[in-house]
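Take the sequences, apply the hints, and build the full model.
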Amino acid sequence: EPEVTQTPSHQVTQMGQEVILRCVPISNHLYFYWYRQILGQKVEFLVSFYNNEISEKSEIFDDQFSVERPDGSNFTLKIRSTKLEDSAMYFCASIGMNYEQYFGPGTRLTVT
Amino acid sequence: AQTVTQSQPEMSVQEAETVTLSCTYDTSESDYYLFWYKQPPSRQMILVIRQEAYKQQNATENRFSVNFQKAAKSFSLKISDSQLGDAAMYFCAYRRPNDYKLSFGAGTTVTVRA
Numbered sequence: 001e002p003e004v005t006q007t008p009s010h011q012v013t014q015m016g017q018e019v020i021l022r023c024v025p026i027s028n029h030l031y032f033y034w035y036r037q038i039l040g041q042k043v044e045f046l047v048s049f050y051n052n053e054i055s056e057k058s059e060i061f062d063d064q065f066s067v068e069r070p071d072g073s074n075f076t077l078k079i080r081s082t083k084l085e086d087s088a089m090y091f092c093a094s095i096g097m098n099y100e101q102y103f104g105p106g107t108r109l110t111v112t
Numbered sequence: 001a002q003t004v005t006q007s008q009p010e011m012s013v014q015e016a017e018t019v020t021l022s023c024t025y026d027t028s029e030s031d032y033y034l035f036w037y038k039q040p041p042s043r044q045m046i047l048v049i050r051q052e053a054y055k056q057q058n059a060t061e062n063r064f065s066v067n068f069q070k071a072a073k074s075f076s077l078k079i080s081d082s083q084l085g086d087a088a089m090y091f092c093a094y095r096r097p098n099d100y101k102l103s104f105g106a107g108t109t110v111t112v113r114a
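Sequence order for the protein chains is B and U. Sequential numbering from 1 applies to the first sequence in this note's numbering. Sequential numbering from 1 applies to the second sequence in this note's numbering.
Please note: incorrect hints may appear among the correct ones.
[Unchecked claim] Computed Cβ-Cβ distance ranges for the label pairs, DEER-style:
#	chain 1	residue 1	chain 2	residue 2	range
1	U	Gln69	B	Thr5	33 to 41 Å
2	B	Ile38	U	Glu29	25 to 33 Å
3	B	Ile20	U	Arg113	39 to 47 Å
4	U	Asn58	B	Asn52	35 to 43 Å
5	B	Gln14	U	Asp81	47 to 55 Å
6	B	Ser66	U	Pro9	32 to 40 Å
7	U	Leu84	B	His10	44 to 52 Å
8	U	Gln14	B	Tyr50	41 to 49 Å
9	B	Glu68	U	Gln8	37 to 45 Å
10	B	Thr7	U	Gln14	33 to 41 Å
11	U	Gln69	B	Arg80	44 to 52 Å
[As the list claims (entries may be wrong)] Under the rule of at most 25 Å between Cα atoms (straight-line distance), these lysine-lysine pairs were calculated in the PhoX-like manner:
#	chain 1	residue 1	chain 2	residue 2
12	B	Lys57	B	Lys42
13	U	Lys55	U	Lys73
14	B	Lys42	U	Lys78
15	B	Lys42	U	Lys73
16	B	Lys57	B	Lys83
17	B	Lys83	B	Lys42
18	U	Lys55	U	Lys78
19	U	Lys70	B	Lys42
20	B	Lys78	B	Lys57
Just so you know, the hints here were simulated from the structure itself, not pulled from any lab data. Built from N, CA and C at the ideal position, the CB exists for glycine as well.
As structure tokens, then:
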């Protein structure tokens, strides 16, 4: 069964550094999402992406964040200058014709 | 923004017994979708069950079933014949029909006692 994959599984970075989190959605899916889950808290929507542009973003998704689909398969989330409070689990999800969200396994980001 | 409330931070159940997780939500929409996701220690988000608001029949997936009370805006999950592998965090989620992003509750941690 096709699945969403994410790399790396765990990223440790220093405050102020840039990080890029990578996702490979299911190949025929058209809608893509990033969610964030701070440890012990609920999963929060960050951004949705459709037709090569952002369709919606939350108030969390400020100028430090960006997304792109550089090559038609990868879907990346970049954080330009990480803060301690960016430490969280980041989930990528994609949606297919049945409108179900398929989640990747997540990337655990630790900012020190 | 839609609010999803899970009032039980933790629930414990004996193996083979039944446990019910509560979820309420706030919406002015008449049509929407509700979901329960399971998050085991691996932290992967796994869809357990979904319910369309226009369907009166409660969804069932093997040992998992829901009690959907539209007027009360309640969507509880019943896990029957609990197994050790059911131990996880369970999230209730909501989405509107034309907006695919999910709004999640705070989650309920389920512990299964052998």
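Hint check results:
| no. | hint | result |
| --- | --- | --- |
| 1 | U:Gln69 x B:Thr5: 33 to 41 Å | holds (38 Å) |
| 2 | B:Ile38 x U:Glu29: 25 to 33 Å | holds (28 Å) |
| 3 | B:Ile20 x U:Arg113: 39 to 47 Å | holds (43 Å) |
| 4 | U:Asn58 x B:Asn52: 35 to 43 Å | holds (39 Å) |
| 5 | B:Gln14 x U:Asp81: 47 to 55 Å | holds (48 Å) |
| 6 | B:Ser66 x U:Pro9: 32 to 40 Å | holds (35 Å) |
| 7 | U:Leu84 x B:His10: 44 to 52 Å | violated (26 Å) |
| 8 | U:Gln14 x B:Tyr50: 41 to 49 Å | holds (46 Å) |
| 9 | B:Glu68 x U:Gln8: 37 to 45 Å | holds (40 Å) |
| 10 | B:Thr7 x U:Gln14: 33 to 41 Å | holds (40 Å) |
| 11 | U:Gln69 x B:Arg80: 44 to 52 Å | holds (45 Å) |
| 12 | B:Lys57 x B:Lys42 | holds (17 Å) |
| 13 | U:Lys55 x U:Lys73 | holds (14 Å) |
| 14 | B:Lys42 x U:Lys78 | holds (21 Å) |
| 15 | B:Lys42 x U:Lys73 | holds (20 Å) |
| 16 | B:Lys57 x B:Lys83 | holds (19 Å) |
| 17 | B:Lys83 x B:Lys42 | holds (19 Å) |
| 18 | U:Lys55 x U:Lys78 | holds (18 Å) |
| 19 | U:Lys70 x B:Lys42 | holds (23 Å) |
| 20 | B:Lys78 x B:Lys57 | holds (14 Å) |
Checked against the numbered hints above, the structure breaks only hint 7 and satisfies the rest.
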